[in-house]
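Quick note: the sequence shown uses my numbering, first residue 1, plus one each step.
Worth flagging that the hints you see were computed from the coordinates, not collected in a lab. Treat the hints with care, as some may be off.
[Stated by the list, open to error] Ranges between beta-carbon positions, derived for each pair: (1) E222 <-> T41: 45 to 51 Å; (2) D286 <-> G172: 43 to 49 Å; (3) G75 <-> V280: 25 to 31 Å.
[To be verified] Taking lysine-lysine pairs in the DSSO-like style, the calculated list, with each CA pair at most 27 Å apart, reads: (4) K131 <-> K85; (5) K101 <-> K85; (6) K131 <-> K101; (7) K101 <-> K129.
Just so you know, these numbers come straight off a predicted model, no measurement behind them. Glycine included, every Cβ here is placed at the ideal spot set by N, Cα and C.
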Amino acid sequence: MKRTRLALVAFAAAGALALGGCASGGTDAGGETATPEPAPTFAEGSTMAALAEAGTITIGTKFDQPLFGLNGPNGPEGFDVEIGKIIASELGISEDNIEWKEAVSANREPFIQNGEVDIVIATYTINDKRKEVVSFAGPYYLAGQSILVLADNDDITSEDDLVGEPVCSVTGSTPAANLEALGAEVLLTDTYSNCLEPLRNGSVVAVSTDNVILAGLAAQNEGEFKVVGEPFTEEPYGIGLALDDTDFRMWINDVLEAAAEDGRYEDAWNATAGTVLPFVPAPAVDRY
1 MKRTRLALVA FAAAGALALG GCASGGTDAG GETATPEPAP TFAEGSTMAA
51 LAEAGTITIG TKFDQPLFGL NGPNGPEGFD VEIGKIIASE LGISEDNIEW
101 KEAVSANREP FIQNGEVDIV IATYTINDKR KEVVSFAGPY YLAGQSILVL
151 ADNDDITSED DLVGEPVCSV TGSTPAANLE ALGAEVLLTD TYSNCLEPLR
201 NGSVVAVSTD NVILAGLAAQ NEGEFKVVGE PFTEEPYGIG LALDDTDFRM
251 WINDVLEAAA EDGRYEDAWN ATAGTVLPFV PAPAVDRY
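Assemble the whole structure, with the sequences as input and the hints as a guide.
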């Protein structure tokens with residue numbers, strides 16, 4: 001499909017292109033009142049125009065995944081949350097006007113299909129089955145499935161050791177399907193944090209999902225658990241949105257690329273997941 005680029009922002013009087021949202025007027029170094037930056041302008045009828053006009057956006061994200069999406073004392077925090085803030089800012093929407101809605105693995109597609117959220121940023125692996133019912137921008141990160149065990153467990157070192165063993169994962173997730181294909185006995189729950197007690201009491205020998213999620217759980221429960229083995233899958237994280245909203249998808253891809261180039265992506269990483277994990281440059285977005 002031939003792509004039609006949409007204007008991201010209007011030109012300022014001096015001709016500079018503003019990529020951010022509206023800025024309030026202030027005073028410049030010479031004491032003169034600064035001219036406010038123009039609001040973003042978008043093609044009439046586009047999702048971007050509707051969101052910008054409304055001045056708010058609803059974003060589905062995880063509330064129980066340290067480093068990526070955690071409902072902290074000051075509201076949702078993590079790398080996924082920061083990516084959502086970047087997208088909102090390009091629509092001229094401030095952080096205070098983002099409505100965060102908890103999205104667990106099993107309800108991400110229904111949330112998008114039913115219009116309960118505008119986008120989902122929730123460690124959301126792009127795959128062909130999901131692309132039948134929703135669209136994806138990105139990927140913005142490439143994770144890999146790994147294994148979390150008790151800190152004193154030296155018996156499990158790779159996915160081969162999970163065959164025939166009870167392992168916890170989450171309903172509706174790619175990792176759960178991978179474990180079933182591997183031959184593990186999968187205990188399903190709604191959130192990964194709910195897998196920790198079965199691991200503690202021996203009901204399962206491991207928890208398995210994306211390495212970045214497990215790293216967050218291990219960091220949050222220091223000394224109890226450890227991540228073992230090398231990642232045994234590739235999990236490209238995408239931003240879920242309504243099926244066939246091509247203009248919105250391509251616009252989000254533009255935003256992701258700009259953030260990767262100007263340093264906002266790395267800043268978001270370093271402030272969240274980067275406190276535990278090394279920085280990896282953003283992968284190339286998919287222009288399908």
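Hints, one by one, checked against the model:
1. E222 <-> T41: 45 to 51 Å: holds, 48 Å
2. D286 <-> G172: 43 to 49 Å: violated, 22 Å
3. G75 <-> V280: 25 to 31 Å: holds, 26 Å
4. K131 <-> K85: holds, 24 Å
5. K101 <-> K85: holds, 14 Å
6. K131 <-> K101: Measuring from Cα to Cα gives roughly 22 Å; hence the hint holds.
7. K101 <-> K129: holds, 24 Å
In the structure shown, a violation is registered for the earlier hint numbered 2 alone.
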